[in-house]
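If you read the protein sequences in the order shown, they are chains A and B.
So for the first sequence, the working numbering puts the first residue at 1; every next one is plus one.
So for the second sequence, the working numbering puts the first residue at 1001; every next one is plus one.
Rather than coming from a laboratory, the hints here were simulated on the basis of the structure.
Remember, predicted model here, so these are calculated numbers, not experimental data.
Please note: incorrect hints may appear among the correct ones.
As the list claims (entries may be wrong) - Covered stretches of chain B (chain A as the covering partner; in silico rule of three or more C-beta atoms under 8 Å from a C-beta of chain A): (1) 1179-1189; (2) 1192-1203.
What the hints assert, rightly or not - Here are some chain A residues the structure puts well away from chain B; computed CB gaps all over 10 Å: (3) T47; (4) Q63; (5) V80; (6) R86; (7) D101; (8) A245.
Stated by the list, open to error - Pairwise CB distance ranges, derived in the manner of DEER restraints: (9) A:R16 / B:R1111: 49 to 55 Å; (10) B:D1140 / A:R95: 34 to 40 Å; (11) A:G145 / B:D1140: 56 to 62 Å; (12) A:S61 / B:R1111: 53 to 59 Å; (13) B:L1010 / A:M115: 40 to 46 Å; (14) A:G145 / B:R1207: 29 to 35 Å; (15) A:R16 / B:P1090: 32 to 38 Å; (16) B:R1111 / A:L82: 22 to 28 Å; (17) A:G145 / B:G1288: 53 to 59 Å.
The beta carbon of each residue, even a glycine, is placed where N, CA and C say it ideally should be.
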Amino acid sequence: MPVADLLLEVRRLFKRFGGVVATDRLDLAVREGGMHALIGPNGAGKTTLIAQICGEVAPDSGQILFAGRDITKLPGHARVALGLGRSFQITRIFRGLTVRDNIALAVQARSGSSMRFWRPVSAERALTHESDAVLAGLGMDASAGVAAGSLPHADQRRLEVALALACRPRLLLLDEPLAGMGAEDAQAMIGLIAQLKQRTTILMVEHDMDAVFRLADVISVLVGGAVIASGAPQAIRDDSEVKRAYLGEEEAA
Amino acid sequence: MALSRSRTALALVLAATIAFPFLAEAAGGGYYVGLMTRVMIYALAATSLNLVLGYGGMISFGHAAFFGAGAYAVAILAQEGVTSVWVAWPMAIAAGAALALVIGAISLRTRGLYFIMITLAFAQMLYYFFVSLKAYGGEDGINLVVRSRLPGLDLRDETTFYLLVLALLAGCLYLLGRLAASRFGAVLRGIRENEARMTALGYPTYRYRLACFTIAGGAAGLAGALIVNQHGFVSPGLLDWTQSGTLLIMLILGGVGWLYGGVAGAAAMLLLEEVLSLWTGYWKLGLGLVLLFVVLRAPGGVGSWFARGNARG
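Looking at chain B on its own, in the form it has when it is part of the complex (with noise of 0.2 Å):
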């Protein structure tokens, strides 16, 4: 059954993607177990937003907000001396979460270009804030003086962050298809298609419009506090709204509104990005004519060349 055969995929792909630090470290391509945890933690991003415009229907340009907050919010509870992993990373997402509730109850109230635009005005008065937050770097942005500890495991060892970070996604991914399949689920579904025809039958749209806004902005918020742990540190550019533009595109490419279209699309983008690059400083322009090629010729991003539509909904 195609439903077996997708199941033995995903088992496929897990599988590899666990043995691939140790098989990396053997080989001595260390490189690249930072690199594929960089992929995993964009597409952890790219995934907070996919549930926002993929299952929600909310254009919104300003995800960077949520992913930048959940960043500075470990970087500056270590430099105030809180390191722990289950402080600072729940931390991390009530910051996400938190502020993702508060622009959206206000930016909820509009539609269409003005709720695109509305987000990307808040994500922008964020970076300017952190601009201007002299005490934690300012324009220079803070260094994370000190890895996330967490008893027992080793983050600062790059193969068991790695599978931190794997263990992260495969459980968002996971509780991000069991959210689709929900009632919440059918609820967004049915806003999609047809907001009016909901409030008719009695749903406060508004509410589950939020409600999915603020879940998007703690799962972004958990994928800050693991990108600066991955650099080390954080500065405003990580909440510019170019940033917030990256993970559109990276979304666009991998397949909006299917759960693993944002870790195709990151996982594309970011690995031919260092493809690219070796080539070439105007790698973007290559990027450019991938994305292009992909919206005229695959709408439904990579996803859709192999799952057929079938694993959409």
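Extracted from the complex, chain A is given alone in its bound form (with noise of 0.2 Å):
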């Protein structure tokens, strides 16, 4: 594989807590365009690992390096400058605020320094044309005057994804966008993160496998801290280690 279109790469990462070793001597490559999806039981490991990509937690060892750059020591806005954004599993929207002030923060933060006290943001026309612009994009501009807090559920999932892609992510992570979600919302969702994935590179945590195997183009599985199979949706289908380790606990159900 040639090194130049890979967008994210781990390199032996290894994390312990105390006496638990969350993450063991981990690789991971993320090439550039499509989905990676990251799948793995509970306690795999899965968390701890984005939170050491997205850099709220500090590897004891290894690599992170991020469009081949080294990463593994920057703080996380850093990261997210560079390209790295990320939705989160507990939706963090800022509920008090509007959609559109929602989406406005995520346009300020990429569009020049924030240390400025004197003119008032709203008169700053680019920003809320750009955030009535991304939530067109998502069909969420009905409700952009709307306060967060009082979107319903799916919504607020919907604008926890907006926030990430209005960061114009080189990489966008989604840790369990589906989470919570009823069969109808989760398939609105899908149709989402499919559209999303023909404009940036996506690599998702979801424990829907439904949608983990119709969504990704490459599937890794996290087994004890440390990717024990890598490959293409079928490959993984197939993996007789996979099976035993992981899936085989859905087949039988």
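Dock the two chains into a complex; use the hints.
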């Protein structure tokens, strides 16, 4: 595989919490374009891995490279500036702000310094226009003036993804985007993600196997803090080790 | 429109406050000019705390440190022969801001209860520093040998000083209003709502919180410069933790996060003290009851009664 189209590379990443090894010399390579899904049973270390990629948790050893650059020691906000956007498993939106102002904060983050104290932010038409464009692109323009906290749950999840998207990331990290959604809303979200993966590279953690096998171009299976298999969906489905370690319990059910 | 009505109300309040000292002097109530000056100075101090607490979402329990540092800066400079407003007051602002920068840089690495405790600890350290500073009065404090001098104005005149304090308070409130509506204000609002998300959007949140804390420290330093001129005296008592508590109570009373919360709170508390202490030495009991009432019945503070929340945010 030519190194040039590797967008995210995790090398021999290791993290221990007391006696528990959460990440065990983990290797992962995410190529530019398409969707890479990360699956694994509860406690496999998915959350800790995401936290290390985003800079919330520092690894004990190993390296994380983004677009060829070592970002292992970079603080979280600087990784975002390089193009690493994320959505959270637990919705983290600005509940007291309108949907438009939510997105405007994301747009503002990548449009120059915010150490500006004088000019009213409401006078910056460019921010409003771009926020509205982002919302229109997601079909959320009707609720632009609504307080984010009063949106229905499914729309809050959409806003969660929209916030990450408004950062114009080169790599979009989706942490369980379908969490807590009903079947109908999940279908709508899957449709949205299918659109997004045409535009940007996505690394998604998700428990919904149906969604994963429909959306992913590459799947990596995480068990016991290490990647035990990585490949195309069909290859993963047929992998005997994966079946034994993970999928077996679901198919038996 | 609601906007123009609130503007009219603001203009009326401003006109009344400007007219007040002249009316009071004419009616022989010169004492009240000094009282109102004190109210405005505390209003400025409480407003600077409002920037930290109401806008920045940081519960600082050491705000008296910056207030006191500003006061000491002016008193010490005066003792060394520097009495010009143009030198002493900027130095007071710089002292408050520099102290806030250092204390904030360390404290802002902690959260919640730890942040409250560490800001309190720093303020107490400064309190004991001035207690042991024998060259400048130690425990007894020092007198301001002479009020700061401003060419063209006689600050020893109570009405002149009152008007200057009023101008500074109004100016600071205007600046706070600008700041709240600016990009910086939007970032503070975002951090208050959801800091993890702000980081995920690419904001170095620590830097913004520290900037907020430092600006507020500078404003508190200015309030300190004014209070030492008003009292003609400063002692470590001004930095005591009870002073930080007083500023917090004022703000809660007035309305945390409301632009005029500090003003409303300082006015309510000091005037209440004035009225209640005419009747009884136990005026703090009455204050306690009022505070209880406000917290239970109007959690938004006095301001929420006439601001109805729409001025917030």
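Evaluated hints:
| no. | hint | result |
| --- | --- | --- |
| 1 | 1179-1189 | holds (count 9) |
| 2 | 1192-1203 | holds (count 10) |
| 3 | T47 | holds (14 Å) |
| 4 | Q63 | holds (22 Å) |
| 5 | V80 | violated (3 Å) |
| 6 | R86 | violated (5 Å) |
| 7 | D101 | violated (8 Å) |
| 8 | A245 | holds (31 Å) |
| 9 | A:R16 / B:R1111: 49 to 55 Å | violated (24 Å) |
| 10 | B:D1140 / A:R95: 34 to 40 Å | violated (52 Å) |
| 11 | A:G145 / B:D1140: 56 to 62 Å | holds (60 Å) |
| 12 | A:S61 / B:R1111: 53 to 59 Å | violated (28 Å) |
| 13 | B:L1010 / A:M115: 40 to 46 Å | violated (29 Å) |
| 14 | A:G145 / B:R1207: 29 to 35 Å | holds (31 Å) |
| 15 | A:R16 / B:P1090: 32 to 38 Å | violated (52 Å) |
| 16 | B:R1111 / A:L82: 22 to 28 Å | holds (27 Å) |
| 17 | A:G145 / B:G1288: 53 to 59 Å | violated (43 Å) |
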